[in-house]
Amino acid sequence: MTKFKRIFAYVFLTIASIISIFPFLWMLISMTNKSIDVTRGSMLPGTQLLENIKNLFQTVDIVPAMVNSGIIALVTTVLALLIASLAGYGFEMFKSKKKDIIFNILLLSMMIPFAVLMVPLYRMFGSISQVMPFIGIDTLAAAFLPTITTAFLIFFFRQSAKMFPKEMIEAGRIDGLGEFGIFFRIFMPTMKTTYAAAAIITFMNSWNNYLWPLVILQSPDKQTIPLLISNLGAGYSPDYGVIMTAIVITTLPTALVFFFMQKHFVEGMMGSVK
Amino acid sequence: MSNRMKINATGWFFIAIATVVITLFYFYPMAQALILSFQSGLGANLSFVGFDNYIRLFHDPTFITAITNTFIYLLVQVPVMIVLGLFLSVLLNDKKLKFKGLFRTAIFLPVITSLVAYSVIFKYLFATDGVLNQFLVKFSIIPEAIEWLTDPFWAKVTIIIAITWRWTGYNMIFYLSALQNVDQSIYEAARIDGASAFKVFTRITIPMLKPIILFTSITSTIGTLQIFDEIMNITGGGPGNATTSISQYIYNLSFKYTPDFGYATAVSFVIVILIILFTALQFRVAGDKND
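For the protein sequence lines, the chains are A and B, in the order given. The first sequence begins at 1 in this note's numbering and counts up one residue at a time. The second sequence begins at 1 in this note's numbering and counts up one residue at a time.
Derived from the structure by calculation, the hints contain no laboratory data. Among the hints, a few may not be true.
To be verified - So the derived label-pair ranges between C-beta atoms look like this:
id: 1; chain 1: A; residue 1: 7; chain 2: B; residue 2: 201; range: 17 to 23 Å
id: 2; chain 1: B; residue 1: 64; chain 2: A; residue 2: 98; range: 56 to 62 Å
id: 3; chain 1: A; residue 1: 141; chain 2: B; residue 2: 97; range: 46 to 52 Å
Said to hold, decoys possible - Pairs of lysine to aspartate or glutamate residues, derived as EDC-like cross-links and limited to a Cα-Cα distance of at most 16 Å, are as follows:
id: 4; chain 1: B; residue 1: 95; chain 2: B; residue 2: 183
id: 5; chain 1: B; residue 1: 96; chain 2: B; residue 2: 188
id: 6; chain 1: A; residue 1: 3; chain 2: B; residue 2: 94
id: 7; chain 1: A; residue 1: 5; chain 2: B; residue 2: 94
What the hints assert, rightly or not - Computed footprint of chain B on chain A; a stretch qualifies when at least three of its residues, placed anywhere within it, have a C-beta under 8 Å from a C-beta of chain B:
id: 8; stretch: 24-34
id: 9; stretch: 55-61
id: 10; stretch: 118-132
id: 11; stretch: 250-259
Positions of the beta carbon are idealized from the N, C-alpha and C atoms, including for glycine.
Next up, chain A with everything else stripped away, as it sits in the complex (with noise of 0.2 Å):
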């Protein structure tokens, strides 16, 4: 009975294992093949690959869509890293009855739907345009400006300055540090794991944002990573093995974080539940 239940546990988790992995296994192998053989099927690895390559660079804009959502990835993941960790650092290091009202209404956000955020948000771009060109429709700052925050990470960051040691903040107070100080000299780089894992999900999330850049962004030269994937995917006569190249590379940033920092990457990605 015990010896049928492990073969069938083995059987189940090896159909799942295949199942997961197959896509993955059909665009590396697709990456080198000719178009044709992509969509004959073939799942034998062919010698295209190079010229697959050289045809995604000569004839698709990715590097600079990939400069773009470089851009816009980086500098979301700075300032969302900053910003929540001051906020969660604050809430729990300063707690008050009032700062505990406005910690719950700011968790709130993260119900909110983005489908219903869309609309005022462009409008709001919108009139930002009339003043400020350069923050407004179709730039890239207005891309990552509402996402330089979320309650999500706040909320991160405080359930790990829960287990900040607080001797260590009036050390530093002795010391002569100021608030700041202690933030910057010694949160910051005792909790350099919780800023990892923050900062995978972060700039995952954000490289990966479809959305929001689909709206906000409108010339062909602001195009991001998922955008260009996209209009590939819908063309009439798609040449499948270029986009299977371009969907590697694209891939690869995040896949290589995920083999090499897996610890953190599951953490960013499970927040605070444990």
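We have chain A already, so just place chain B on it with the hints.
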């Protein structure tokens, strides 16, 4: 005393930027959306129309299709994924299981893909002459190719399969880490009492994991109610409107057709109401003892 006050003032500064940013980009637009939903007109020419937009919802066949589709995704996909995730996590929690890390990593892997990238891949895999149909026909699992993307029924199935593929591993990780905190002696006791595996699962595992199941079902519900990326990139809402979701309809109303911002925001408040209703319902079903 004055030192305390100084520290207190600094405390407010710590939380100030985040509070301003969230107010500016969440609460202020939300209030704007509410006002907009009582206005109508094309583009920037808006005038107040009372509840007209909300009344229009009930007579709008596209909206009714979109909400029906979204409900189908929600009611089929979320339970299937949670049960599957739970089941996989229980299998993986077996101490004597070999290759545990390998299985776990493989099943978690879909999480690293962007929603757009995996959607495009699924669109190709599920094409009528695509790899999936070729495989299924070759091994005689189905007699002839299924119209995964162009048949109204199968297109919905495709969307559900796709979301399940992307998110099951993600949810499984939550269950797995919760299971690792469950006291093993409870299972020992159950085994000594001769409880069957099924009984152990329903009477011990599920009640122990209730808070985390509640958490994942709420986040999945909120996610599925807003589903957009997959619809846009796998089926484009088609065939016809057979796979359109509420979010896609809002996008179309605002940015694809002649912009009707007032009506679009009224539609978006339906998602808000649904999120509140489903979250409240799930808390009630799970009982509030755990929180």
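Now the hints, each set against the structure:
1. A:7 / B:201: 17 to 23 Å: Distance hint for residue 7 (chain A), residue 201 (chain B) holds at roughly 18 Å.
2. B:64 / A:98: 56 to 62 Å: violated (45 Å)
3. A:141 / B:97: 46 to 52 Å: Holds, since residue 141 (chain A) and residue 97 (chain B) (Cβ atoms, about 50 Å apart) stay within the stated range.
4. B:95 / B:183: holds (13 Å)
5. B:96 / B:188: holds (15 Å)
6. A:3 / B:94: holds (13 Å)
7. A:5 / B:94: The given pair, whose Cα atoms are some 11 Å apart, holds under the 16 Å limit.
8. 24-34: The restraint on the stretch 24-34 of chain A holds, since 3 of its residues have a Cβ under 8 Å from chain B and three suffice.
9. 55-61: violated (count 0)
10. 118-132: holds (count 7)
11. 250-259: With 5 residues closer than 8 Å to chain B, the stretch 250-259 of chain A meets the three-residue bar; holds.
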